[in-house]
Amino acid sequence: MRAVPSATWRTLDERMISKPLPQGLDALWDAGVGVATRLVPQQKRYLQKAEKVLALEKQFSAMGNGKLQQAIGQLRETFRRGRDTEEELHRAFAAIREVATRQIGERPFPVQVAGAPALSSGCVAEMATGEGKTLTATLPATIAGWRGRGCHVITVNDYLAKRDAEWMEGVYGFCGLKVAHIEGDMPPAQRQEAYAADVTYCTNKEVTADFLRDRLVLGRCGGLSAALLERLAGGQKPVLDRLVQRGLDYAIVDEADSVLIDEAVTPLIISGPAPNVEQTEAFQQAAEATARLEPNSDYRINAKYREIELTDSGRRRLAELTEGWGGLWRATRRCEELAVRALTAKELYQRGQQYVVEQDKVIIVDDFTGRLMHDRQWRDGLHQAVEAKERVEVTPPKETYARLSFQRFFRMYRRLAGMTGTAQEAAAEFWQIYHLRVVVIPTNRPCIRRKPPDVVFTTAAAKWNRIVTEIEAVHATGRPILIGTRSVRNSEHVSGLLRARGLECQVLNAVHHQEEAMIVAGAGQAGRITVATNMAGRGTDVKLGPGVADLGGLFVLATERNESGRIDRQLFGRCARQGDPGTAQAITSLEDEFVSRHAKGLVAYLKKHHGQTEEDIAGRGTRAASRLAHLRAERLALRRRRAVMRADHWLDEHLSFAGRE
Amino acid sequence: MAIERPTFHEAWYRVAQLRPRLLTGVRIYRQQYRGQLWYVVENPANNQFSRVSEEAYLFLGLLDGRRTVRDVWHTCNERLDDRAPTQGEIIQLLGQLHAANLLYVELPPDSEALFSRYRKRVRREVTGYLTNLLFVRIPLLDPDKILNRWVGLLGLPFSLTGLFLWLLLLGAGLYVIIGNFGDLVSQSSDVLDPDNILLLYLSMVLTKVIHEFSHAFACKRFGRLNGNAGEVHKMGVMFLIFFPLPYVDASSAWTFRSKWHRAVVGMAGVMAELAVAAVAAIVWASTSTGTLHIIAFNVIFVASVSTLFFNGNPLLRFDAYYVLSDLIEIPNLAQRCRQYLHYLFKRYVWGLKRAWNPAFTVGERLWFVFYGCAAISYRIFISVRILLFLNDRLPDTLSVLVPALAFSALVGWVLVPLAKFLRVLATGTELTRNRGRAIGSTGVLALSLMVLLGFIRCPDYCRVEGVLEPVELSTIHAATDGFVTSFLPSRVAASPTGPPLIQAVNPALSSEEQVLTAGRRALEIRRRKALTREVAAAQILEEQLAALDDKIERVQQELASLSLAAPSSGTWVSPQIEYARGRYVRRGEEIGVVAKLDDLLVRATAGQNIAAMLVEQAEEGVEIRANGRPELTIAGTIEQIYPAGQGRLPSQALGYAVGGSVPVDLRDPTGTTAAEKFFEVRIRLRWDDSAQWLTGQRVVVRVRLKSKSLARQVWHYGRQLFQRRYHI
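Protein sequence lines correspond, in order, to chains G and V. Quick note on numbering: numbering that gives the first Met the number 0 labels position 270 of the first sequence as 269, and the sequence is numbered without any gaps. Quick note on numbering: numbering that gives the first Met the number 0 labels position 364 of the second sequence as 363, and the sequence is numbered without any gaps.
If you are wondering where the hints come from, they were derived from the structure by calculation, not from laboratory data. Ideal Cβ positions, reconstructed from N, Cα and C, are used throughout, including at glycine. Warning: the hint list may mix true and false statements.
To be verified - Okay, the calculated beta carbon distance ranges per label pair:
no., chain 1, residue 1, chain 2, residue 2, range
1, G, Pro441, V, Val135, 58 to 64 Å
2, V, Pro5, G, Leu228, 36 to 42 Å
3, V, Arg122, G, Ala273, 37 to 43 Å
What the hints assert, rightly or not - A short list of chain V residues far from chain G (calculated; beta carbon distances all over 10 Å):
no., residue
4, Leu21
5, Tyr200
6, Leu224
7, Met237
8, His341
9, Val491
10, Lys528
11, Leu544
12, Gln555
13, Arg666
Given only the sequences and the hints, what does the whole structure look like? Please build it.
See below:
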């Protein structure tokens with residue numbers, strides 16, 4: 000019998016579960032500790048550490064390459080044995096810094112060095128975009144690589160994973176580490192190899208999916224002993240050899256707020272064809288039957304909660320229509336369920352908004368990014384209902400094999416760290432869910448962003464008018480403009496308005512990651528107008544074109560307030576980077592969906608107070624409205640995420656007989 | 000989706016492929032509850048029971064360890080159509096069975112989860128104890144073997160003959176008790192004397208041992224009749240209000256098919272206690288003093304209190320509750336009552352149309368409302384009673400316990416539920432859509448409650464005890480010693496001009512008068528004689544004569560006062576006068592009173608705790624009732640309140656010694672010196688019917704105080720209670 004790698008041993012021996020959140024008084028205590036740690040200023044501590052690292056600069060810059068390599072070899076041994084001290088950590092950072100200078104020609108700035116110990120000690124480092132997060136992550140990732148338990152650097156998309164891995168390869172190579180990245184279409188063997196590397200760059204989706212697939216492979220031999228027995232018994236393809244990952248030890252999550260908070264409850268689902276599929280014609284029949292139902296009399300549409308409710312007459316009518324159909328239609332409950340699904344598809348899902356039809360296939364459109372989600376399906380027969388409505392072939396519903404939310408997945412890491420441009424607003428949640436502290440790292444050069452006060456109108460029409468005139472005025476100066484919208488629909492609306500005025504603009508919409516990043520990157524060229532949803536193109540730098548800085552830099556225009564202050568700040572953070580000039584301006588109206596939904600009362604009052612004026616009404620009232628809306632929306636979202644977590648935990652507890660998730 | 004029981008569940012994949020089955024050895028019993036078929040699943044290893052519905056039973060029946068959950072679910076769907084369990088319900092069911100350790104899955108057991116479940120259960124039990132400090136149970140031994148050995152003999156009473164004999168015994172006991180009820184009541188005031196506490200406790204242990212073992216034997220006996228063993232494995236100590244007492248766990252009776260068998264097992268304890276009480280009553284009646292007499296009395300006391308207020312009362316969760324819940328075929332009655340009341344609140348106050356309704360039938364609904372309200376009220380009542388009782392009786396060293404218990408009750412029953420309620424209201428997912436409405440209607444409800452309790456003024460009353468006295472009253476004393484010859488009968492109108500109240504003779508006085516008159520005559524003769532002879536001597540004699548005349552006059556007056564006339568007009572009251580004929584009355588002896596009975600006055604005593612309120616807030620009009628005669632009321636007005644400092648009671652009748660409510664100083668043999676100074680309140684009656692009222696009668700005066708809110712009234716009494724006990 001061949002030896003089992005110690006990493007595999009560790010993986011199997013540890014119980015991979017995400018611990019339940021504390022409850023009752025424990026939760027209160029924990030939250031209190033979180034508040035206390037937030038009150039202690041962290042920034043200074045890490046800047047002092049950075050100074051210590053910088054002080055060691057001379058020591059290494061004087062060394063030749065061979066000498067440096069030798070020194071690094073010694074450090075590596077220390078870290079592998081886990082006998083490192085604080086001083087050695089500083090020495091290591093200084094050494095890696097020197098390597099980075101030599102290998103990629105960029106000497107990490109003091110603030111980047113300050114981020115490294117923060118990440119190393121498991122914090123979320125708030126670093127403005129463009130401050131070199133990729134390089135910062137290299138320092139703690141190298142240390143983690145030296146420790147020999149693997150290190151995952153989580154990026155937003157495959158393109159960035161590949162780019163960063165290739166970019167930093169020299170640094171890792173010099174430090175004696177192997178670096179690899181994961182891409183969506185890699186075969187398992189290559190993945191295994193990539194995860195075996197010391198540092199692995201990958202996206203959150205890939206790493207979670209690989210984890211789930213490993214679990215499926217492990218199947219019933221969950222524990223260490225069972226897996227070893229299986230190996231002894233020696234099947235054709237031993238389970239242990241089919242595992243791709245080697246445990247979850249340390250991860251640095253880029254854009255931590257988006258991955259760990261905004262997308263936290265989105266479950267990653269691995270599914271496949273289901274046996275015993277129900278007759279797909281039932282969905283077509285349902286579409287037929289519901290076509291004969293009258294809205295309002297037979298069913299009611301609840302637009303606010305996007306729901307359909309059958310009325311009593313609707314139920315009777317449905318029973319008449321489906322009489323004698325047999326099969327699923329015999330049972331009233333199933334029948335009504337199918338009908339409600341079909342009606343939901345008919346009334347609430349619009350082609351071109353929620354989905355598109357390509358090559359006789361229904362493809363979901365992500366509302367926030369506008370991306371096409373090829374591999375996603377709606378649950379519980381809704382997808383089939385939409386297919387039946389569009390009269391394309393109804394695909395049999397898939398069956399879930401495994402399912403895990405990012406929130407639960409990332410809580411399984413032994414150590415976790417994150418980087419993002421905006422973390423402070425979510426400090427409480429980072430602490431409560433992940434036990435991560437937030438450290439704000441200052442920018443290298445002072446930020447000279449101009450931020451004129453918001454302009455607020457009572458009506459949407461006035462808002463759009465002003466936006467267009469504003470764009471025209473700025474465009475005339477030649478400054479590049481980036482217009483942020485909340486949804487695909489709005490970005491199309493803006494681009495329509497601009498085209499009507501004869502202004503050419505780029506719209507980020509339903510494109511591939513690489514192009515998306517390129518469009519965003521090109522948004523800094525003089526004379527460009529780019530319309531993008533706020534979520535699109537995260538993590539990419541908008542580099543200013545030649546001469547743009549003299550014109551005043553990038554002009555960012557927000558057309559609406561976002562779900563959280565964080566996302567607003569992200570959008571504004573796209574201009575005035577690395578000491579460049581830039582302007583960020585928000586032009587909103589009281590009719591925007593966000594404020595009118597979350598601050599209903601206040602908005603109604605303001606509307607009444609200001610009447611049908613076309614003037615800017617910004618003031619204390621509107622500021623309060625947007626603050627209130629943010630507060631409410633954030634609280635709602637946090638509550639929802641916690642509820643999902645609690646529900647997951649309940650299931651875990653009650654289904655523990657069914658093995659791990 | 001607006002679908003009530005969605006077919007699919009997102010966690011289905013976790014169970015779909017499993018091939019679970021029930022553990023070997025699990026027993027299933029079929030039972031009917033209110034016309035619905037249910038199945039009770041028993042795990043013999045730990046005596047845990049789960050109740051599942053008919054549909055769930057079909058599902059469980061199909062699980063044989065070879066079929067997958069998914070296959071079985073599809074089979075169920077085909078067979079049951081709409082009634083088939085949904086995926087969510089299957090997950091719930093499997094989880095529930097798993098938590099009860101009833102499920103076997105051919106996966107390696109997750110020992111950590113097993114232990115964490117165990118820890119959780121223990122923690123729940125411990126917190127259960129802590130939140131229910133007054134009734135703690137600690138299991139100690141397994142009495143099954145002993146019970147098996149003795150059930151042949153001691154199980155015999157649980158038969159028809161036994162029932163008949165029991166009824167006879169109960170009849171006999173009742174007969175004795177009714178015959179001696181007065182004695183029984185009078186003896187009961189001593190039952191909590193410190194001297195008696197030990198005996199009381201021993202009697203309690205005795206009755207409880209019999210109580211618990213009759214549960215156990217009944218369970219055994221019917222277990223044998225039913226063919227299943229009726230096992231009894233737990234026995235231990237229960238701390239009922241800190242007093243250790245035995246208890247036995249006879250829960251395996253749940254598997255008996257006949258609900259009457261289950262009921263007898265449930266009530267066996269109470270029945271045995273009643274039998275013991277009956278025997279004790281007979282013993283008590285046939286002995287007059289001695290330890291046996293006292294123990295018998297204590298046993299009667301313990302058994303009756305426990306039966307009436309605790310075990311025999313279905314409103315608390317003791318024996319009778321379980322029997323009731325079984326007999327009306329609503330398992331978990333109390334819990335579901337609560338859920339139903341919650342449901343009503345959610346449905347109608349919060350307007351949640353989709354709130355989960357725990358009631359299946361109309362009958363259940365009625366039971367829930369009725370029982371729920373009754374149980375809550377009774378629970379509050381009994382807790383307050385227990386607290387007040389402890390407050391009065393606990394020795395000073397332990398008195399700190401009472402506020403501690405009251406505080407824990409306040410936290411456990413008021414604050415924690417309130418906090419939970421507010422949390423649900425603020426963050427509950429159920430309310431996501433209705434929060435505005437829910438907060439609004441809850442606010443309105445809370446506000447109206449607050450207005451009702453805090454602002455609406457309710458009449459407030461206080462009661463004082465007093466005696467009736469006429470306003471004008473002359474006490475008639477005998478003026479001269481003498482034998483009564485005739486008298487006016489009591490309760491007859493008398494006036495100064497009317498017939499004398501009493502007439503007496505005093506032969507000594509009469510003869511003295513005769514002697515004196517004779518002496519006067521002699522003196523007179525001597526004076527006349529002297530007038531003729533010597534004038535000086537005549538003068539002396541004249542003076543002697545005058546002195547004698549005075550004497551005679553005095554004697555004559557005394558004689559005249561043997562016939563006493565009424566000093567004023569009124570009613571002559573002298574209850575003892577009938578026996579006075581021929582009696583010798585001494586001078587100064589009180590014979591009776593002449594009083595104006597149509598003009599009465601109440602002299603009431605008010606303790607210091609209510610006097611302040613009386614002085615400040617009393618309204619003039621009061622209502623007066625005679626003690627023991629609720630039909631008689633009369634109105635009156637407060638005339639005057641004499642400030643504190645009064646120590647002598649207006650009448651002995653008000654003193655504690657003769658049944659009044661004012662504690663008296665024991666050193667005073669007349670029983671009219673109050674132990675604490677009091678205020679005297681004089682109340683003038685508004686007359687209507689004189690015949691019903693007697694002077695010297697004890698009356699209760701209900702004084703209406705200034706109206707104030709209920710909250711203030713309760714606050715005031717609570718503070719007084721606290722202050723009296725802790726002298727703060």
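A quick look at each hint next to the structure:
1. Pro441(G) to Val135(V): 58 to 64 Å: At roughly 60 Å between Cβ atoms, Val135(V) and Pro441(G) fall inside 58 to 64 Å, so the hint holds.
2. Pro5(V) to Leu228(G): 36 to 42 Å: At roughly 40 Å between Cβ atoms, Leu228(G) and Pro5(V) fall inside 36 to 42 Å, so the hint holds.
3. Arg122(V) to Ala273(G): 37 to 43 Å: At 40 Å between Cβs, range holds.
4. Leu21: 12 Å, holds
5. Tyr200: Given a closest Cβ separation of 38 Å, the condition holds.
6. Leu224: 37 Å, holds
7. Met237: The claim holds: Met237(V) sits with its nearest Cβ about 28 Å from chain G, beyond 10 Å.
8. His341: 20 Å, holds
9. Val491: 81 Å, holds
10. Lys528: 123 Å, holds
11. Leu544: 110 Å, holds
12. Gln555: Non-interface label on Gln555(V) holds, nearest chain G Cβ at 99 Å vs cutoff 10 Å.
13. Arg666: Non-interface label stands for Arg666(V): nearest chain G Cβ at 58 Å, farther than 10 Å.
In this structure, none of the earlier numbered hints is contradicted; all agree with it.
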